[in-house]
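Okay, here's what each chain looks like letter by letter:
2 protein chains.
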Amino acid sequence: MKDNKVIHELITNGHLKYIPHISVDCVILGYHANQLNVLLNKWKDVEVWSLPGGYVERNESVDTAAHRVLWERTGVDKLFLQQFYTFGDPDRINMNRRLNRLPVLFQEGGKELHNWMAERFISIGYYALVEYSKVSPRPDHLSVESRWWDIHDLPALIFDHDRIISHALHAVRLQLKYQPVGLSLLPEKFTLPELQKLYETILSRKLDRRNFQKKMLSLGILRRLPERKTIGPHRSPFLYSFDKRKYNQALKEGYGFA
Amino acid sequence: MKDNKVIHELITNGHLKYIPHISVDCVILGYHANQLNVLLNKWKDVEVWSLPGGYVERNESVDTAAHRVLWERTGVDKLFLQQFYTFGDPDRINMNRRLNRLPVLFQEGGKELHNWMAERFISIGYYALVEYSKVSPRPDHLSVESRWWDIHDLPALIFDHDRIISHALHAVRLQLKYQPVGLSLLPEKFTLPELQKLYETILSRKLDRRNFQKKMLSLGILRRLPERKTIGPHRSPFLYSFDKRKYNQALKEGYGFA
Numbered sequence: 001m002k003d004n005k006v007i008h009e010l011i012t013n014g015h016l017k018y019i020p021h022i023s024v025d026c027v028i029l030g031y032h033a034n035q036l037n038v039l040l041n042k043w044k045d046v047e048v049w050s051l052p053g054g055y056v057e058r059n060e061s062v063d064t065a066a067h068r069v070l071w072e073r074t075g076v077d078k079l080f081l082q083q084f085y086t087f088g089d090p091d092r093i094n095m096n097r098r099l100n101r102l103p104v105l106f107q108e109g110g111k112e113l114h115n116w117m118a119e120r121f122i123s124i125g126y127y128a129l130v131e132y133s134k135v136s137p138r139p140d141h142l143s144v145e146s147r148w149w150d151i152h153d154l155p156a157l158i159f160d161h162d163r164i165i166s167h168a169l170h171a172v173r174l175q176l177k178y179q180p181v182g183l184s185l186l187p188e189k190f191t192l193p194e195l196q197k198l199y200e201t202i203l204s205r206k207l208d209r210r211n212f213q214k215k216m217l218s219l220g221i222l223r224r225l226p227e228r229k230t231i232g233p234h235r236s237p238f239l240y241s242f243d244k245r246k247y248n249q250a251l252k253e254g255y256g257f258a
Numbered sequence: 001m002k003d004n005k006v007i008h009e010l011i012t013n014g015h016l017k018y019i020p021h022i023s024v025d026c027v028i029l030g031y032h033a034n035q036l037n038v039l040l041n042k043w044k045d046v047e048v049w050s051l052p053g054g055y056v057e058r059n060e061s062v063d064t065a066a067h068r069v070l071w072e073r074t075g076v077d078k079l080f081l082q083q084f085y086t087f088g089d090p091d092r093i094n095m096n097r098r099l100n101r102l103p104v105l106f107q108e109g110g111k112e113l114h115n116w117m118a119e120r121f122i123s124i125g126y127y128a129l130v131e132y133s134k135v136s137p138r139p140d141h142l143s144v145e146s147r148w149w150d151i152h153d154l155p156a157l158i159f160d161h162d163r164i165i166s167h168a169l170h171a172v173r174l175q176l177k178y179q180p181v182g183l184s185l186l187p188e189k190f191t192l193p194e195l196q197k198l199y200e201t202i203l204s205r206k207l208d209r210r211n212f213q214k215k216m217l218s219l220g221i222l223r224r225l226p227e228r229k230t231i232g233p234h235r236s237p238f239l240y241s242f243d244k245r246k247y248n249q250a251l252k253e254g255y256g257f258a
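Quick mapping for you: the protein sequence lines, in order, are chains A and B. Counting from 1, one number per residue, gives the positions in the first sequence under our numbering. Counting from 1, one number per residue, gives the positions in the second sequence under our numbering.
Chain A with its partners taken away, still in its complex shape (with noise of 0.2 Å):
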């Protein structure tokens, strides 16, 4: 019932405090187990799944929209949101069209609503890369579940979603090009094997072990420890940390060009 009057005050008054035509989309994706997820809201109703997404109060900068969509919608909060790309073709509505039904917020009775979100949305992308069990998502008032999705399993989604989704991945796989990643996602102590497993799951392929140690130590920003990690009688590989401020630095300015 209070639900019911929460989706009615956004359907009747949110063009008074949303900016129309505008809205931010939230693609995170958790590493865990050499695995890649994706965090997804199943809508009421219906079943079909989204981004957590939303809209930008009229005072309100998109960043800071971004990061309240994303905790109102999964309680998900503090992560590091990197715009990638804004999508704005026409008829990125039109791709409900595919769904049989329509999620409560643009349908009464069967019926499809016109109402301010019913129209052309201009969609701000944002994504986050983090690791998996320190997000511990909630459903908001909109949906019945808020949960992971293996990136290679996705349900149907909403609107231009699986698009959306893409070009995240195609963001994520590009930065491992210019900048570091693994902080958040790899123990304090790894081992060159452990960082080379987080690349091939993001990319989604087997890279070469020799080059990708050479590259990596190439890059400056990795330490070699003393210690060793134990596997087995006759394999204890080096362990590394990441030296943090040539990490940070190459975070800020990319990977030095010579």
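FYI, nobody ran anything at the bench for these hints, they're computed from the structure. Treat the numbers as computed from the prediction; the structure is a model and nothing was measured. Treat the hints with care, as some may be off.
Identical copies look the same in the list; a pair holds intra-copy or inter-copy alike.
Straight-line Cα separation of at most 27 Å, BS3-like style, residue types lysine-lysine; simulated pairs [said to hold, decoys possible]: (1) K42 - K197; (2) K78 - K246; (3) K214 - K177; (4) K78 - K134; (5) K5 - K206; (6) K177 - K197; (7) K189 - K214; (8) K229 - K252; (9) K246 - K189.
Based on the hints, put chain B in the right spot on chain A.
Only chain B this time, still in chain A's reference frame:
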């Protein structure tokens, strides 16, 4: 007179044709003779310049809008525009206040107008990197002049356009780390020092010659030609051209990680 009509129509009825609160801005970077320039329009009546920008039609994709706006405002078309960032601070428009006088679109008889164009706008930024001499800008009905400016010597700019230019430069500089650059900027055959000059101009700093050459040759996008360039009696560097298949592949996927 005709120009004033166009402006009046835009002020009174523009909101019917265009999506409110959304704009596009184009940062066109021109490379020539080891100098990097940016294309700017001078507003009528006031000593202030702006990026070529404008609005998105109600049924137009934002990418199409960026190309149309660039064409209408400067006569430049067929550029490869890349979206790089969306500027969504609520106080973007207030940066007008830094100016002594508002451009004609935002004032009448010295007074600030409160039309749809004076509201908050979220602007989607696009950039292109082009050979300066291939582009001949001409001003539109809102501007008295459209011309190139050295990025190290910019005039007073409207709104947050100085910030948009900084962001575009940052995006181009990052791009050097994961994608090739130069196909449309250098002659068909070029020397490694010429390629290095291009990189140094974009990065605004000197690079180490040996590291640069080693790095560039390792990327696999260059083809060494049998000919050499004759510069002086003891200087005849090799000529190179891009391997277009590998260049285009790297443009699409970024350089291989390992």
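How the hints compare with the structure:
no.	hint	verdict
1	K42 - K197	neither (30 Å within a copy, 53 Å between copies)
2	K78 - K246	within (23 Å within a copy, 41 Å between copies)
3	K214 - K177	both (14 Å within a copy, 18 Å between copies)
4	K78 - K134	within (11 Å within a copy, 47 Å between copies)
5	K5 - K206	neither (51 Å within a copy, 62 Å between copies)
6	K177 - K197	both (16 Å within a copy, 23 Å between copies)
7	K189 - K214	within (19 Å within a copy, 32 Å between copies)
8	K229 - K252	neither (31 Å within a copy, 39 Å between copies)
9	K246 - K189	within (16 Å within a copy, 38 Å between copies)
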